[in-house]
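Chemist: Let the hints inform the model, and build the full structure from the sequences given.
From first to last, the protein sequence lines are chains U and G. My numbering numbers the first residue of the first sequence as 40 and each following residue consecutively. My numbering numbers the first residue of the second sequence as 58 and each following residue consecutively.
No lab work stands behind these hints, which were simulated from the structure alone. Treat the numbers as computed from the prediction; the structure is a model and nothing was measured.
Example chain G residues on the side facing chain U (calculated, C-beta under 10 Å, incomplete): (1) 102; (2) 107; (3) 154.
Glycine residues also receive a C-beta, built at the ideal position from the N, C-alpha and C atoms.
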Amino acid sequence: GDSVTQTEGLVTLTEGLPVMLNCTYQTIYSNPFLFWYVQHLNESPRLLLKSFTDNKRTEHQGFHATLHKSSSSFHLQKSSAQLSDSALYYCALSTGANTGKLTFGHGTILRVHP
Amino acid sequence: DAGVTQTPRHEVAEKGQTIILKCEPVSGHNDLFWYRQTKIQGLELLSYFRSKSLMEDGGAFKDRFKAEMLNSSFSTLKIQPTEPKDSAVYLCASRLQSHEQYFGPGTRLTVL
Numbered sequence: 040g041d042s043v044t045q046t047e048g049l050v051t052l053t054e055g056l057p058v059m060l061n062c063t064y065q066t067i068y069s070n071p072f073l074f075w076y077v078q079h080l081n082e083s084p085r086l087l088l089k090s091f092t093d094n095k096r097t098e099h100q101g102f103h104a105t106l107h108k109s110s111s112s113f114h115l116q117k118s119s120a121q122l123s124d125s126a127l128y129y130c131a132l133s134t135g136a137n138t139g140k141l142t143f144g145h146g147t148i149l150r151v152h153p
Numbered sequence: 058d059a060g061v062t063q064t065p066r067h068e069v070a071e072k073g074q075t076i077i078l079k080c081e082p083v084s085g086h087n088d089l090f091w092y093r094q095t096k097i098q099g100l101e102l103l104s105y106f107r108s109k110s111l112m113e114d115g116g117a118f119k120d121r122f123k124a125e126m127l128n129s130s131f132s133t134l135k136i137q138p139t140e141p142k143d144s145a146v147y148l149c150a151s152r153l154q155s156h157e158q159y160f161g162p163g164t165r166l167t168v169l
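Modeler: Here it is, written out as structure tokens:
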């Protein structure tokens, strides 16, 4: 079945440094949809980014990610971390062929300190 | 537009009780999902409905968890009987076949 791997459970950064959260996926389908959801403390997850176009950068709220089908990756990046970026980040996959459900990674906690 | 609503926001149950969680999806959305969220397991899919039809029932959660969608604007998740390991946040989400899911605020369940 489909799977999503987020290798880091916790990433701790100093404010102002670049952010990179890793996401790789496995699926037999050739047209995956990839998503990043962000969940702040005591809130529910909300969509941050999505993409289904190979090698095209997608951006929102200072974050960006590029779907690379050749490496099955969709890493989340930001040039300069802010304290308010501290949250739980989920990478998720939908293929449309698997009844349309989302397969989530285990999540990465990002902690940004001064 | 109103987002996904869930009630109650908090529930405390004794082991062995039956509890029912409620969800109202975004109006017009035809896909509805129930998830369980814990620190250890992250987000786990419990049930998935499309146009009120059950598409997936979450495999491992079948025996004590039952989700229903009696109409397009209301869904329930029944846990019977509850066990302490069921303590978690239960999230409901809906979408309009655009692949983007909108999550509700969740119900925090504590089973003593």
